[in-house]
Amino acid sequence: MKWSSYDAVWTRKTKGYLFMSRVGVVRFLGTNCDRDIIQAAREFGAKAEFLWFQDQFNIDDYDAVVLPGGFSYGDYLRTGALSARTPVMKSVREFSQKGKPVLGICNGFQILCESGLLPGVLMRNQNMKFIDQWEELEIVDNKNPWTQRYSVGQKIKLPIAHGEGRFFAENDTVKKIKDNQQILATYTNNPNGSAYDIAGITNDKKNVVGLMPHPERALYDWMGSSLGKGFFSWL
Amino acid sequence: MKIGVKVLPRKEVLDTQGRTVQSSLSENGFSVSNCTIGKYIVLDVNAKNFEEAKTQVTKMAEFVLYNPLIENYEVEQL
Amino acid sequence: MKIGVKVLPRKEVLDTQGRTVQSSLSENGFSVSNCTIGKYIVLDVNAKNFEEAKTQVTKMAEFVLYNPLIENYEVEQL
Amino acid sequence: MAIKIESDETLLQKFKKYRINQKEYDMMCGLLKREPQGVELALFSALWSEHCSYKSSKVHLRKFFNKNHRVLVSEGENSGVIDLGEGEKISFKMESHNHPSFIEPYQGAATGVGGILRDIFTMGARPVMTANYLCFGDKEAPRMKSLVEGVVGGISGYGNCVGVPAVTGFTEFHPSYNKNILVNAFALGVLYPGEELALSKAHGVGNLVVYVGAKTGRDGIHGASMASESFDDKSAQNRPTVQIGDPFFEKLLIESCLEVIREDLVVAIQDMGAAGLTSSSFEMSSKGQVGLKMELDKVPLRDSTLTPEDILLSESQERMLLVCEPKKLKRIQEIFHRWGLDATTIGEVLPGKNIQLFWQNEKICEIDPDLLVENAPKYERPYNLREAGSKGRKNRGSSNFEVFDVKETLEEILSSEYGTSRNWIFSQYDQRVGSQTAMDCSSSIGVTRLEHSKRGLGLSLGCRPYLMRLDSQIGAADSVLYPALNLAIKGFEPLALTDCLNFASPENPEIMTEFVTSVETISEVCKELNAPVISGNVSFYNETLGSPITSTPATGMVGMRASVENIPSDYFGEKQTVYLVCNHQLETGGKIEEMFKNKIHAQDKDINIKDTASWILDLLDIANDSNVKMSKTLGKFGLAYALSRASTEFGVVCDKLPNFIKTKEDLFRERMYEVLFAVENGPKLEDALRSKNLQFAKLGVTAKDKLIIESYLNTQLANLNEKYKNSWENLF
Ligand SMILES: Nc1ncnc2c1ncn2[C@@H]1O[C@H](COP(=O)(O)OP(=O)(O)O)[C@@H](O)[C@H]1O
Ligand SMILES: [Mg+2]
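Here the protein sequences come in this chain order: X, H, P and R. Under numbering that gives the first Met the number 0, read the first sequence as residues 0 to 234, first letter to last. Under numbering that gives the first Met the number 0, read the second sequence as residues 0 to 77, first letter to last. Under numbering that gives the first Met the number 0, read the third sequence as residues 0 to 77, first letter to last. Under numbering that gives the first Met the number 0, read the fourth sequence as residues 0 to 731, first letter to last.
Derived from the structure by calculation, the hints contain no laboratory data. From the three backbone atoms N, C-alpha and C, an ideal C-beta is built for every residue, glycine too. Honestly, I wouldn't trust all of these hints.
As the list claims (entries may be wrong) - Now the in silico label distances, taken between C-beta atoms and shown as ranges:
1) L68(P) x E324(R): 39 to 47 Å
2) T172(X) x G193(R): 47 to 55 Å
3) E85(R) x M127(X): 43 to 51 Å
4) N71(P) x G193(R): 50 to 58 Å
5) P86(X) x K144(R): 43 to 51 Å
6) K144(R) x R9(P): 22 to 30 Å
7) E685(R) x L13(H): 54 to 62 Å
8) K1(P) x F49(H): 20 to 28 Å
9) S23(H) x D59(X): 50 to 58 Å
With these hints in hand, go ahead and build the complete structure from the sequences.
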């Protein structure tokens, strides 16, 4: 079976096909949330495996691709800049152009921006420091695969952990993002100076999503919140 | 040949680092009306003359060394 | 008056950023035999001439702009 | 034996350069039966330094209780290892980086984290949590604010990038650290079922010695011997090149080293820490009792002007040495290469037991490593037996401190650097990477979940310097009892301990007395708790121009709980009854000034270690069986402070205080030891406490948004919380 869009994955699930979605988790040098994502995806019944930054992959082999957080290439030069120019990103681009679901979390979000798959850029936090803390988010869009399990306006608690999470784009770009309903989620108390309190955005086709907070760190009550589940439970 | 690439934040972009340094300088009695902080990259390339080196380095800059959304760059010979 | 301060890692000190950027450039087919990455700071100071500005900026550099244990700096007029 | 005494200046100059004294020089000559030549003096200098040889502490460290059924390794390796019983093993250790952090706080602290992580993954364990123990000087002391900022920045910059969560820590301020701050880093790693330990013992004649990781530069040459003397005004001038840490390289090393270890490709592996290539190779060779040939010109260099001696002593970061069978080299190189790293053969294992060093095909040194490792000097430095009772206590101050207004005093404490939240520090640390953190730095212990079994590992750091200033025996006992108590009341059984003993000069008998007392006391408490000391580190010469730091035996205690679900919280919740459970040993405390600047008031009593340890283990049962919803240890500033910290959403209405609290002052005294428990089912807890004959008092029930303590205090929580959470930035 070959599936070309997230709708297909979704249909299969609702129709009760016995099917495991296949998730590719990209590992760059310095990625450090890779094992977390594998664990999260498997927890919800998906078949998850690593994709190596030096290798291109067959886009038909996966139903979704995740770019996990971390410090790829040590965040040197600019966050995400060196990773965005690795061979695996050619496949990720192709994958996303087919409308298949891509999620970039934290450093993954930065890489997606650097590679142009998402608009804008993530800059140093306003206070110039790394910030790890729990934040309340409001889900603004759920017409994309990754937040389909949430309702619009829903408030969820997720942890952030980044030094460069201040979303920036030129005025007309930001306006476009807003008008196109590409804002995925916003912070209730903006921790880093992000434009429009943006915590996450989608591309215009809504299959590519970037998010600064870490849903994989909020899967069970013992982690402090279980409201990050929705990002993976649809897989 | 040693080439320098100066990468500076564009004017319309908020330069948090520059702002922080400026306010720290002002607090300590230095008078600075503006402070902008960017990167300086020194590259050793194999080239016969500056022109040739500049062509090479410009390619690198366009490829990865700067992000046009937020930065400008200049190439100079060292 | 606009003054530029170039702050670069000292030679004997490991430049972690330069090391990684160089190898990434090489992997992408650019030939660079060395890459060093530092900061570039542009300061707007009130001074009659470069000499005066340089004196001011040198004080600032010693105060906060560079870390003498790991960096060197140069002041130039822009 | 007649030894030619080089009376000319060159020898004295050499002594100075290599930080060697005449007596030790004579010892070297005796062992070699000649004078050291060529690079030998450099080798001796490095390996006989206090830092590498533990020459002043070895005879005492041997006394540590360090074996029980769980312990797999507790001496002779990079880090200790215990077995958790369901196929998992863990390895943990704590290490100091005080001197480098004072010189260059960011890089010093960063490389401290890097170093301790290497000690852990060298054992084949994947690092899963870190913690840091920090002592700073008075915040108004010169450079202090920037030291705080730099140290925290360095730990954050390095730890976050390698991707190991920081789950707890400790931060204190006292003028004795003004010119000698303490930066101690802790790391813990796990070996999952079926994964084998890696060791550092070289063996197998013909096997290859392989150098992995970063190239060698001029970083930190003579660092080990520098770290083994006190600061003086000249230290600034003969600083070695600052070592720069590269967390990105470290991350690549972690992944690649674990991969080669998992594939069983290495015979031995060792990180290059203090005294770099010298100590790693000599220790591998000495432990395995095999010879090694090393071609120094094959060592990858960042700076081509390095001499063989520089190469031997460089402390460039992120480098490893390993020994492998020749047929496995190719696969090893493949793996490292995949991770963007180089693996270079620089030598081989030889028959016999000498180390032979070559430079451009010429043998420049041949020496038996045992002369440098096994035969390093061991000193029985003079010390006194600790005098029992009040005579042993140097710093007993008066007890007459006065509290005028409870609320005012409380607010003053909550907004001082001694009592305010460390949130400014730990919000800069990634506390959750790995997605296994069940309790982060905002809690009294750190907890990580074991991926395979779902059990929880708890971590609490010990040593409260103000108690060490009172009395080294009380302080040292507390540095094990307090973290054990913190763990027990959350349901974590104390398993084992690591320590980092920060002291001034061992040549000072008073300091040595505190050192010996600390080691013996820590060992005694560990034995009572059946929690052996499995690893540790000694840092001497923490003094500047003759003024010593507070003797600070920092510890890290690790405990285990059957599950990470429903761990008692640090905060009160709805409809809970609050109890104070106590086992009074002695009463200490006073106002902020007394505790942290001047002398501390204390009763003239000792801690009964046996009694306290068994009380702690009783509380462990209670915490696990009685549906405890909230628990908290009372520490500095006593009950009032603890209640205010536990009251975020819900406070408590204490209508009746126990009879040992009679005055406003009593609300701020620390009675070692007391804990708070809050439960929904009061009678059940009372029965359990009674059945164990534990002393307790009911304080009251929880209430939303307010804290009431008899007629002493009646306040809304918002204000207290605001003071606790947001004062740091006003202070620094
Ligand atoms: N340097 C540090 N790094 C990380 N966490 C820290 C650090 N210092 C303190 N903390 C956290 O702050 C909490 C409160 O600190 P403190 O008030 O000293 O201890 P306690 O909770 O035992 O009274 C600690 O439990 C610890 O988790
Ligand atoms: Mg070691």
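Tested hints:
| no. | hint | in the structure |
| --- | --- | --- |
| 1 | L68(P) x E324(R): 39 to 47 Å | holds (43 Å) |
| 2 | T172(X) x G193(R): 47 to 55 Å | holds (51 Å) |
| 3 | E85(R) x M127(X): 43 to 51 Å | holds (44 Å) |
| 4 | N71(P) x G193(R): 50 to 58 Å | holds (51 Å) |
| 5 | P86(X) x K144(R): 43 to 51 Å | holds (46 Å) |
| 6 | K144(R) x R9(P): 22 to 30 Å | holds (25 Å) |
| 7 | E685(R) x L13(H): 54 to 62 Å | holds (59 Å) |
| 8 | K1(P) x F49(H): 20 to 28 Å | holds (24 Å) |
| 9 | S23(H) x D59(X): 50 to 58 Å | holds (55 Å) |
Violated hints: none; the structure is consistent with every hint.
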